[in-house]
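Chemist: For reference, each letter of the sequence shown is one residue, going 1 to 152 in our numbering.
Everything labelled a hint here was simulated from the structure, so no lab data went into it. A couple of the hints might just be wrong.
[Unchecked claim] Straight-line Cα separation of at most 20 Å, DMTMM-like style, residue types lysine to aspartate or glutamate; simulated pairs:
| id | residue 1 | residue 2 |
| --- | --- | --- |
| 1 | 117 | 142 |
| 2 | 30 | 100 |
| 3 | 57 | 96 |
| 4 | 36 | 79 |
| 5 | 30 | 96 |
| 6 | 36 | 106 |
| 7 | 120 | 107 |
| 8 | 36 | 107 |
| 9 | 117 | 96 |
| 10 | 120 | 106 |
| 11 | 117 | 65 |
| 12 | 120 | 65 |
| 13 | 120 | 137 |
| 14 | 30 | 80 |
| 15 | 30 | 81 |
| 16 | 120 | 81 |
| 17 | 57 | 106 |
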Amino acid sequence: MPLNTIWLFWPVCSKCTPSTRPGAGFVDPKLWENRKNDPTSLRIEFDGMKGRQWLMKWLPARAYDNAVYAVFSNPIGMDDDQLKNGCSMIIDPFGDILAECRNLGDDVVSSVLVPDKLTKAGGYRYIRARRPELYRDILCKEHIPNQKISWL
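Required output: the full structure, derived from the provided sequences and hints.
Modeler: What follows is the structure, encoded as structure tokens:
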């Protein structure tokens, strides 16, 4: 990431999928079908470890560590045979949520990004202390990924 980056856009298709992570797993599509009659049951699943609770363990830290505004976008609803949990949000360089999509349907949010926060956030000093000349040779080596996802 260049040192002058002020926001990081994360278009993601995230969560509600099984993994080795505690609490991970599919959300029952019947909850989505019944969201108008029983929004609470769906909200509990989307806000728990299959969704928002998991995101809040790492997403604010990424914004803080990198001294950026994190714009996290994620679909909500059925995607073929898999239910997506949404939880799109904008997080400031201190890790605080500025705006968040909470509707159980399509939604859009916006926020004012204040440049002053970028240099006041703690992550700014880490970026300024980076010395890419020390690890450039390691990062520039060819890498052939071998991704093995058990649930696919």
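Chemist: Taking the hints in turn, state whether each one holds.
Modeler: Evaluated hints:
Taking the CA atoms of residue 117 and residue 142, the gap is about 36 Å. The hint is violated against a cut of 20 Å. Pair hint residue 30 plus residue 100 does not hold up; C-alpha atoms about 24 Å apart against a cutoff of 20 Å. As the CA atoms of residue 57 and residue 96 are separated by approximately 12 Å, the hinted pair is consistent with the 20 Å bound. Simply put, residue 36 and residue 79 have alpha-carbon atoms about 19 Å apart, close enough for the 20 Å limit, and the pair holds.
Only pairs whose Cα atoms come within 20 Å are accepted, and residue 30 paired with residue 96 is rejected, the gap being roughly 33 Å. Between residue 36 and residue 106 the alpha-carbon distance is near 14 Å, which keeps this suggested pair within the 20 Å criterion. At roughly 31 Å between alpha-carbon atoms, residue 120 and residue 107 are farther apart than 20 Å, so this suggested pair is violated. Taking the CA atoms of residue 36 and residue 107, the gap is about 16 Å. The hint holds against a cut of 20 Å.
Among the hinted pairs, residue 117 with residue 96 is consistent with the structure: their alpha-carbon atoms are about 11 Å apart, no more than 20 Å. In summary, the hint linking residue 120 to residue 106 is not supported, as the alpha carbons are separated by about 34 Å, beyond the 20 Å threshold. About 13 Å separates the Cα atoms of residue 117 and residue 65, which keeps this hinted pair within 20 Å; it holds. At roughly 12 Å between alpha-carbon atoms, residue 120 and residue 65 fall within 20 Å of each other, so this suggested pair holds.
Under the criterion of a C-alpha separation no larger than 20 Å, the hint pairing residue 120 with residue 137 is inconsistent with the structure, at around 31 Å. Between the alpha carbons of residue 30 and residue 80 the distance comes to roughly 14 Å, so the proposed pair stays at or under 20 Å and holds. Simply put, residue 30 and residue 81 have alpha-carbon atoms about 11 Å apart, close enough for the 20 Å limit, and the pair holds. For the hint pairing residue 120 with residue 81, the CA-to-CA distance comes to about 44 Å; that exceeds 20 Å, so the pair is violated.
Proximity of residue 57 to residue 106 is assessed by CA-CA distance (about 24 Å); at most 20 Å being required, the pair is judged violated.
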